[in-house]
Every structure is written in structure tokens, then in C-alpha cells.
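S.K.: In case you want the letters, here they are:
2 protein chains.
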Amino acid sequence: MLNIAVLGYGVVGSGVVELIQQKNPVIKSRLGRGIKVKKILDIRDFPHDPNKDLITKDADEILKDESIKIVVETIGGTGFAYDITKRALKAGKSVVTSNKELVATHGPELLALAAENEVSYLFEASVGGGIPIIRPLYNCLAANDINSITGILNGTTNYILTAMNKQGKAFDDALKEAQSNGYAEADPTADVEGHDACRKIAILSSIAYNQFVDYRDIETEGITRIAPDDFHYANQLGGTIKLIGESRKVDGGIYARVHPAILDANHPLSHVDDVFNAILVEGDAVGDAMFYGKGAGKLPTASAVVADILDIMKKNRSHTANSGWDYHRKAWVLNQPATGSQLYVRMEGVQDKAALKELLAKELGQVRFYENLEKPEQLVFVTQVNEALGISQLTGRLESFGYKPAIVLQIMDKQE
Amino acid sequence: MLNIAVLGYGVVGSGVVELIQQKNPVIKSRLGRGIKVKKILDIRDFPHDPNKDLITKDADEILKDESIKIVVETIGGTGFAYDITKRALKAGKSVVTSNKELVATHGPELLALAAENEVSYLFEASVGGGIPIIRPLYNCLAANDINSITGILNGTTNYILTAMNKQGKAFDDALKEAQSNGYAEADPTADVEGHDACRKIAILSSIAYNQFVDYRDIETEGITRIAPDDFHYANQLGGTIKLIGESRKVDGGIYARVHPAILDANHPLSHVDDVFNAILVEGDAVGDAMFYGKGAGKLPTASAVVADILDIMKKNRSHTANSGWDYHRKAWVLNQPATGSQLYVRMEGVQDKAALKELLAKELGQVRFYENLEKPEQLVFVTQVNEALGISQLTGRLESFGYKPAIVLQIMDKQE
Chain H
6 MLNIAVLGYG VVGSGVVELI QQKNPVIKSR LGRGIKVKKI LDIRDFPHDP
56 NKDLITKDAD EILKDESIKI VVETIGGTGF AYDITKRALK AGKSVVTSNK
106 ELVATHGPEL LALAAENEVS YLFEASVGGG IPIIRPLYNC LAANDINSIT
156 GILNGTTNYI LTAMNKQGKA FDDALKEAQS NGYAEADPTA DVEGHDACRK
206 IAILSSIAYN QFVDYRDIET EGITRIAPDD FHYANQLGGT IKLIGESRKV
256 DGGIYARVHP AILDANHPLS HVDDVFNAIL VEGDAVGDAM FYGKGAGKLP
306 TASAVVADIL DIMKKNRSHT ANSGWDYHRK AWVLNQPATG SQLYVRMEGV
356 QDKAALKELL AKELGQVRFY ENLEKPEQLV FVTQVNEALG ISQLTGRLES
406 FGYKPAIVLQ IMDKQE
Chain U
6 MLNIAVLGYG VVGSGVVELI QQKNPVIKSR LGRGIKVKKI LDIRDFPHDP
56 NKDLITKDAD EILKDESIKI VVETIGGTGF AYDITKRALK AGKSVVTSNK
106 ELVATHGPEL LALAAENEVS YLFEASVGGG IPIIRPLYNC LAANDINSIT
156 GILNGTTNYI LTAMNKQGKA FDDALKEAQS NGYAEADPTA DVEGHDACRK
206 IAILSSIAYN QFVDYRDIET EGITRIAPDD FHYANQLGGT IKLIGESRKV
256 DGGIYARVHP AILDANHPLS HVDDVFNAIL VEGDAVGDAM FYGKGAGKLP
306 TASAVVADIL DIMKKNRSHT ANSGWDYHRK AWVLNQPATG SQLYVRMEGV
356 QDKAALKELL AKELGQVRFY ENLEKPEQLV FVTQVNEALG ISQLTGRLES
406 FGYKPAIVLQ IMDKQE
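Taken in order, these protein sequences are the chains called H and U. If you read the first sequence in our numbering, its first letter stands for residue 6, the second for the next number, and so on. If you read the second sequence in our numbering, its first letter stands for residue 6, the second for the next number, and so on.
There is no bait here: all hints are sound.
Note: identical chains are not told apart, hence a pair may lie in one copy or across any two.
List of simulated lysine-lysine pairs, DSS-like, C-alpha gap at most 27 angstroms:
| id | residue 1 | residue 2 |
| --- | --- | --- |
| 1 | K419 | K303 |
| 2 | K254 | K33 |
| 3 | K181 | K171 |
| 4 | K335 | K319 |
| 5 | K335 | K33 |
| 6 | K303 | K254 |
| 7 | K41 | K62 |
| 8 | K69 | K44 |
| 9 | K358 | K380 |
| 10 | K62 | K95 |
| 11 | K33 | K44 |
| 12 | K362 | K380 |
| 13 | K41 | K320 |
By construction, these hints were calculated from the structure, which means they are not laboratory data.
Starting from the given sequences, assemble the full structure and let the hints guide the process.
M.R.: Here it is as C-alpha cells:
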């Protein structure tokens, strides 16, 4: 019997306990020994919980118990979780976590600490919920140089964007629906502003490119400025709008960015709807590979946590996701959005459309305009592919003429 | 330096040699030692090949060389490949293969032989080319009971079906195009009759359900009877036609089948086009997870082979895909196609349509008919969902009235 402890008895933590208790007979028959949840750390009381006798408020009861070999950290955040993870690793316990914030912020330090103490620090559940992605990246695709990663990494925003696209909802209504269905939190900032997706693309990029991509270096734009009209035009252009986290190797560094974009229907990510996540990885040998599944939820996330525990049990020795991912190899992160894509622009409050159209034609060459007679002050246009024109260049030029676009979206088309 | 040998210097074998030689610096820096291809076995001569000095026609030069720890079997088939795999395992060498035919036929015996000799027999490349699927199934999803697998497992047929769907080609023309592009072999039988997909779903099912699913027990239907008209109607019904390999746990056994089906546009597999493969796995904890990528090709397949080699290097000990997958746990395979789906039926040579329509309405209740004025003897109809009606029941009933349908396809809709 392998003794473990679970730190934080919330949605994911209780899912881990439930899944382990349910699967123990199978685990025992396959691995020769089962898993026992010996302690659960939480500051709350759970008087009616079947596992209430396992719950303690005293971290030392776990850290000083030498029979506990693995702790599952499902506390979240970078405060107490950071502190107790370090103490657990130093005490010679492997740590398995779903805490993307902690991994993205202190991953290199915690991986180094794990290696030092000959234990593991694993975090498959921190990206993509139950979707196997971390392990495939550093294991199954180990014979590849990864050129790029493009992902729909946040289920909440994808649910909102799907509702806006399919039911024509406004952002606020779609957000309310997501909240009432339990897919968005009361404070949805981390999701809708793209911060959650930003941490996840930082973690994936660090592993893929074998250097530390700091999430604080990644330019991040959320979905709050997207209007139903944008979906109308995106559909007309043969696509839809998704929140994309992407990165790729470029000369001198790593390009990384989180932003909403119009995805053409031929893009493999364009059909990923609702709370599903998908991650498209381009390796030099394998070409495009995509991983798809539920990016969040109690049991999907618990499934990834338990897979990490089983992995430690099978190997019986220290192994971390990527020994090259350390502070000494901090990536130079480039934010300048890619040029060479068509750009979609919606302008509002335009008083003199004729003058603006003339200016745009002069400045940008051939531009397609879209207008709605019921919205006389709205002007939508799509640029041609222009190798010298990125979002910031375009916005800068418009601003130099006194125009501020309501939104500019890159149009992403998947060339085979 | 780890010495390996490659058996069979064809497309995949030469890809493995190329990829190893190209990636050796990275492999060395990550794993502490590189890989050396010491010998290549092939009966042919390669006088102008840069690796010509490594090529031998004598298997004993490899099998008796104790410095060779891993052999890559990319010969194919179940004759010489079977024999040499057994000899290599008995000689204490791990074997990595892309040979789906051999794995599907003799997998249990070869896995047992590997375990006996404390070496590995790994075959990630045998299904889905470069797509990581075998390892995620037995590793990343280890905390799940797998309920079902549904896959587009053959790139050749998917290329043909995509050409028929998007360009309106007839089967023969699409096949010729696939052949001239190198996506189909001169003798395309194994692909177009579904045999290749059958072996792959057998391998995946054996791992997922931890028992031996014999491919010879799986009812298999290919794509040769599909006509352009079927795509016309599939599109009208909001879907397209794909060759599906599927299996799931049912009372008393494993349901497994390979067949073309109409996939509704909301089905995650419906947008998988051209030579791409995708495998949808449903686990009880993770829900739906999908793996997508190039299912064949020199470097994608080599990428999976090299990942297996690296895995053996990292673990330094015996490990096989699944120790439960042995002859003692041979699965009872049920072929009876699922009931409870809508069925699409195309009849040709119908002399008295009115009589047939009346009969169908009486026998099947509400049925939707589709007719084409230019084809007076063709009748297409779609049944309602009927829990008592599968393809064989429907075909049986039609035949009892003297009618033989040209094709019957299940309509697959993905309910969340």
C-alpha cells in the first residue's frame, strides 16, 4: 500500500480521493499494490464527509509522517501552496499538482528542488485538465523538435465564445450562463482576461522548448471586447472566434501570445466547442498532432493527477518533467504579433466613412469593407495578407490618423 | 552510446535511421548518451546509400552481437518478422516495431516472451503513425476504465473519402489519385477493405480493455461500395462519410467493428480529413479525449519508433505495454452492429417504388425518403432511431421481401 496525502479538499482534491478509492482494486491488480489516502489537509470542517476522519488542519501531521510518500497539492495559488510544496519536496515526498499558477510561477525552482531531493514534481493536471499533454510532449514526442504550439486552453472562455457563436448571445449573457452552469467563477477575471490560458501556454512552451518561458512576459488579451457583430462577420468569412494561446520558436527567442482570433473552418481548432480544450503541437518529425478533451472538471482533472501518481509508483525513482527547464535557460519572449496574416478590424463611432475608406485604401492597399445599414457609424474591414503588417503596426497607423479600432483580430488559416 | 539495429530498410526503417542520426546531439544532451545504429538488416543492396556500410544480409550478425540492445523491426508482415522478433527477444534484446499486422496477430505471445526475457516489446508506431496513442492509453489514462474507442485509423481511405466528399470524385478516381500521390499502394486491398483499420482497432482495444481482442473476430467492411450519391445525401443530412474502427465494452464481451458510417458534423471525428487519423477515447473519469495527427508517413512513424527507443533508454528495465494482455484473457468479440441509430439506406434497381415505399412505411414506421428524378430506379431512405433495429436486422428484413440494399450506413451523432 502506498500512502499519500491530499492537500486541499476542494473540487479537484475530493475528485482525487474519490477516484483513488473507486479504482483501488484495479490499481492493485495492475501495479501489485494499492494507494491509501492517509491524510487530507484542509482548514475547513467536513462533518458529513465519509472521509472526515482523514482530515487534518495540521500540515505537520503529513510532512512529518515518513510513511506518506506522495502529496497531491490541489490548494491552488502561489502562497500557502508554494510554501507547503517546498516543505514536502524537502521532506523527501514527491508532489503531484493541478496548480497551474504555481507551476507557471515557480516551476523551475520546484523542479530543481525535486531533483535535489530525488523525488518527483509532476503536473499533468495543470494544463488541459484530463487531456494527456504534458507527458506526450516530453515523452511521446521526444524525438521531435517542437516548432509551435497552438491551443484552446481555457474551457470557460470557449464555452462563452461557443454560446456567442451558436446562440448569438452577448458576452455578458453568455458569461452569466457559464456561471449558472458552474463553468465560470463568480469572479471570472482570470478566465475571460486570458490569464489562465497565459499560464498554460507558458507551461507548455517551457517543456516544449526546454527553457523557462515566464508567463509574465507573455502579452495577453482576453475576450471581453468581442461583440456579437464580430461573430456575424467571422461566420461570413467562413470562420469563428476562439481564444488562442500560442507560441513558436523564432530567431533569438520564443514568440508567445494569448489573444482572440478568427479561425477559418479548415483550422483543426475551429471545431473545438463548449468546455473542450485542444492543443495542436507541430513537431519537425511528427508534423501536426492534436490533443483534445475536457480541459477542466472534477474527475477529468483527478484522472490526470492519479495518472501522475501511478507513474511515480511504476518508476520507483525520481523523475521530473524536464530537467532542462530551469532558471538558467530563461527564454527571451517576443510579443510582437505575427505579420503575414489577414486582419479583421471593427471600428465604431466613425463619422465620415467615405474619408476613412479612402484613407484605408491608400494606406493598406486592397481592403474588403463590410457594412451594416442599421449601424451607420460602424465600419468593418479585412486586410490582405501583408508581410509588414501586424496588429500593432495596423493599430499604430490607425491611431496616427486619430482612429481607434474597437477590435482587431488576426485571421488564422491552417495551411497543410 | 546505445547500440541498436534496424531490421528492414524501407520507408519507415530508413526514416528511423535518418531521425536518429539527425537528433543524436539532442538525445545525447538530454539522456546523457546517444544512439548508434550499428547494423541494418536488408536483403536488398543499397550501393549509393550513406549507410551502406552498416547494411548486412545476415541476421546473426545482429542477433549474436551482444552490444546491440534494441532492434527496430520495420520489416512488416507475420513471416520473417515474426521469426526474427522471437529470436531477438530470446537473445535478450528489446524490440520496437511499427508492424501492426504482427502485433495484432502475435502480440500476446511476443509480450509474454519479452517479459520472460526481461526486455521490452513496444509498438507505439503500429497505430496512428506518429500520434501518441498507445502510451497515453496505458499510461496517461491509467486511472480510467475505458468505455469505448472510435477512430479514423487509416489515412489512405480517409484521403479517398475526403476526395470523394470535397471534389465529388468517384471511388476509382479518388483511389487512383491516392496512388499517384503515394498515399495508396499498388494493391490497395488492405486499406480499402478495412483490414488495416481492423488490426489497429484490435490493438487499441486489447490495451484499453486489458484482454486480447483478436482482429480475426472483428467484422470488417471497407469503402468500395460507397458512391458519390452517398456523399450527396450524407451532406444533405448534415454529415459526411468516414471509415470508422470502433469498440466498446458491452455485457459479456467487447463490441468491435470496422465500417463506413455517416458522421454528423457535430461528431469530433467528422472534421478529420485527408491522410489524418484521429482516435476518440471515452474514459469513465476523463470523459472524451481525442488524439489527432498524421497516421502514416516516413518521419511521423519514425518519430513514434524513436520515442519508444528513448523510453527504453530512460527506464533501463523491462516494461511492456500491458501485462494483462495475454492469451488467457481472450475477449469475446461481438459483431452485432449497434441498434438505436438512424440508418441510411440506398437501394438501386427498384422497379416499383410505390410498393416498396408502402412496405417500408408499414415495416419501419416513419421513414424519410430521398429521390433523384434522374435516377428513377434509385431509392434512398433514412430510418428513425429504433432500439430494435440494427444494420443486420434491417438488411435481413429487406431481403425477406426480396430487396437487397446497395449500401446501409449507420448515422453516428455525438451526444455530449
